[in-house]
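Following the hints, put chain F in place on chain U, whose structure we already have.
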Amino acid sequence: MRESSQDDVTSDHIAVDLDSVSIVYQTASGPPYAAVAPTSLTVLDGEFVAIVGPTGCGKSTILNVAAGLIRPAEGVVRLFGEPLAGLNRLAGYLFQQNSLMPWKTAVDNVAISLEVAGTPRGEALIQARQWLTQVGLGSFLDRYPHQLSGGQRKRVGLAQVLIRHPKVLLMDEPFGPLDAQMRQIMGNLLLDLWAADRKAVLFVTHDLEEAIALADRVVIMSAGPEARIIGDHSIDLERPRDASEIRLNARFHDLHRMIWNQLKEEVVMAYHHQVAPKGCA
Amino acid sequence: MPITRSKLLLLQILVAFVVLVIWHMGATVPIAGFYLFPKFFFSTPVDVIRRVVKLFVTGLIWKHLWITLTETVLAFAIGSLSGILIGFWFARKPLVAAVFDPYIKMINALPRVVLAPIFMLWLGLGIWSKVALGVTLVFFIVFFNVYQGVKEVSPVVLANARMLGMNERQLFRHVYWPSALSWMFSSLHTSVGFALVGAVVGEYLGAAAGLGYVIHEAEGTFDVTGVFAGMVVLAAFVLVIDWAVTLIENRLLVWRPETATGGQ
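If you read the protein sequences in the order shown, they are chains U and F.
Number 35 in our numbering belongs to position 35 of the first sequence; there are no gaps in the numbering.
Number 168 in our numbering belongs to position 168 of the second sequence; there are no gaps in the numbering.
Simulated from the structure, these hints should not be mistaken for laboratory data.
Glycine is no exception: its CB is placed at the ideal position from the N, C-alpha and C atoms.
Be aware that a few hints might be false.
[To be verified] No more than 30 Å apart at the CA atoms, straight line, and that leaves these computed lysine-lysine pairs for DSSO-like: (1) U:LYS104 <-> U:LYS167; (2) F:LYS39 <-> F:LYS54; (3) F:LYS39 <-> F:LYS63; (4) F:LYS105 <-> F:LYS93; (5) U:LYS104 <-> F:LYS105; (6) F:LYS93 <-> U:LYS104.
[Claimed, not checked] Using C-beta positions, here's what the derived DEER-type ranges look like: (7) F:GLU168 <-> U:ARG78: 55 to 65 Å; (8) F:LEU247 <-> U:ALA195: 25 to 35 Å; (9) F:GLU168 <-> U:GLU265: 40 to 50 Å; (10) F:SER154 <-> U:GLU245: 51 to 61 Å; (11) U:PRO32 <-> F:LEU239: 52 to 62 Å; (12) F:VAL254 <-> U:GLU265: 21 to 31 Å; (13) U:MET258 <-> F:GLU168: 40 to 50 Å; (14) F:ASN250 <-> U:HIS253: 52 to 62 Å; (15) F:GLU168 <-> U:ARG257: 25 to 35 Å; (16) F:VAL240 <-> U:GLY86: 46 to 56 Å.
[What the hints assert, rightly or not] Quick look at which bits of chain F chain U covers, simulated, 3 or more residues with Cβ under 8 Å: (17) 11 to 17; (18) 249 to 256.
Extracted from the complex, chain U is given alone in its bound form (with noise of 0.2 Å):
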């Protein structure tokens, strides 16, 4: 079932709708730099979808629009229905960098995302703590960011968006710093937690076999500038999926090898003129 017509859905399952959004940026010197050209892109609810393009503005730019924290030059984005005014509130963003707060321990980082909500601070704590424990950070409470390795804060970051239990779960090359096993071990653990509480993902990444592996849907995006959507395939591997052990499977063999002859071309396009503007990583 490739890509069903998403006409005799109705509009509130789709979760995120990027309608013919495209990005400008203001340079300090020169003309505006446009990094997304008009685009539409659809997560229905429940729906895992992986950005996979070559590195350059394109991907984390449409994250940013679908969290709110950039405006678009042109087009709409709507949460189920409903277009976004300023920041995304049904949202959970986990970035790239370390986002956590340097100053508060492990638990205090996870009990702030409820306490700033309202949440009385003993209940944010004990649900933060049964949070930790769920990423496997049981014992590893009290420690200050800088006492964590980057995958333990990682799962900090996990706990610290998914408490909130957002409708929406942004990723913006959640595992990138992290090496081949960890990312695998880090994929399974968000799998997991998906499978629990299915909600829709963007997942943004330039690993093509990691978007294989997680997603249900691929989209590739070409080179920027005016970097758009080229490329939209389902992945129609079976779930519950196990992030390290599925790479041996032949259908993951196939869609690798079909989408990555899409990929390549734009790879080494980028390649060619790497004209990224400073501050779109």
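Here is chain F on its own, set in the frame of chain U:
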């Protein structure tokens, strides 16, 4: 070559011992009829130590120490508080910062000692003219650090906090404030030191009490022993304050990598 703590301590004491012995010899043993360090100009270590002990035994010094400490603490508190407030204000309001920028630079470029006579004229010879001098020194250090701290909050941490749903007040409390404090505390030693400099220099230039006054008075009567004794007390005083600051710092900045690994 690993150096053990006791060995290091021994070497440190040795340095002090050698310096004191050379000083003492130079002041008491004539070489070809000449003294290397004439007593009139250099006193002797034994006399200085005797004087220090006397200052404490007679209790004469306590009043002066107390005055200097009061001035230092007041200068630090007032300077820090105003530095924090204005630092935050400027960092959050770029227009204000841009307007005042040349004036801040101008006042900061001014050697603060020249302000001492004006403060004395305005505030008299009591402690407040010294406090004011200290405040002008402390304020700028704290101000610049808080300003920097608020401006240099990691954009990712900030974006993350926003995505977690923090409003402006929560951002202030959980992000800007801790970040600014960490910058302020990183300059704590410097700012406490400057508070003390303000107090002592102020006393030196005109006062009726305080360590600066003690040194100035001894100097006025060519009492070199008294000058050196005052300096020794002052140095010890600074060490004690610095030690207290380190204690506070280690308690408040446990989350920072440098301080946390330092005390292994």
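Tested hints:
no.	hint	verdict
1	U:LYS104 <-> U:LYS167	26 Å, holds
2	F:LYS39 <-> F:LYS54	19 Å, holds
3	F:LYS39 <-> F:LYS63	29 Å, holds
4	F:LYS105 <-> F:LYS93	18 Å, holds
5	U:LYS104 <-> F:LYS105	35 Å, violated
6	F:LYS93 <-> U:LYS104	27 Å, holds
7	F:GLU168 <-> U:ARG78: 55 to 65 Å	27 Å, violated
8	F:LEU247 <-> U:ALA195: 25 to 35 Å	50 Å, violated
9	F:GLU168 <-> U:GLU265: 40 to 50 Å	46 Å, holds
10	F:SER154 <-> U:GLU245: 51 to 61 Å	37 Å, violated
11	U:PRO32 <-> F:LEU239: 52 to 62 Å	59 Å, holds
12	F:VAL254 <-> U:GLU265: 21 to 31 Å	52 Å, violated
13	U:MET258 <-> F:GLU168: 40 to 50 Å	49 Å, holds
14	F:ASN250 <-> U:HIS253: 52 to 62 Å	56 Å, holds
15	F:GLU168 <-> U:ARG257: 25 to 35 Å	51 Å, violated
16	F:VAL240 <-> U:GLY86: 46 to 56 Å	53 Å, holds
17	11 to 17	violated (count 0)
18	249 to 256	holds (count 3)
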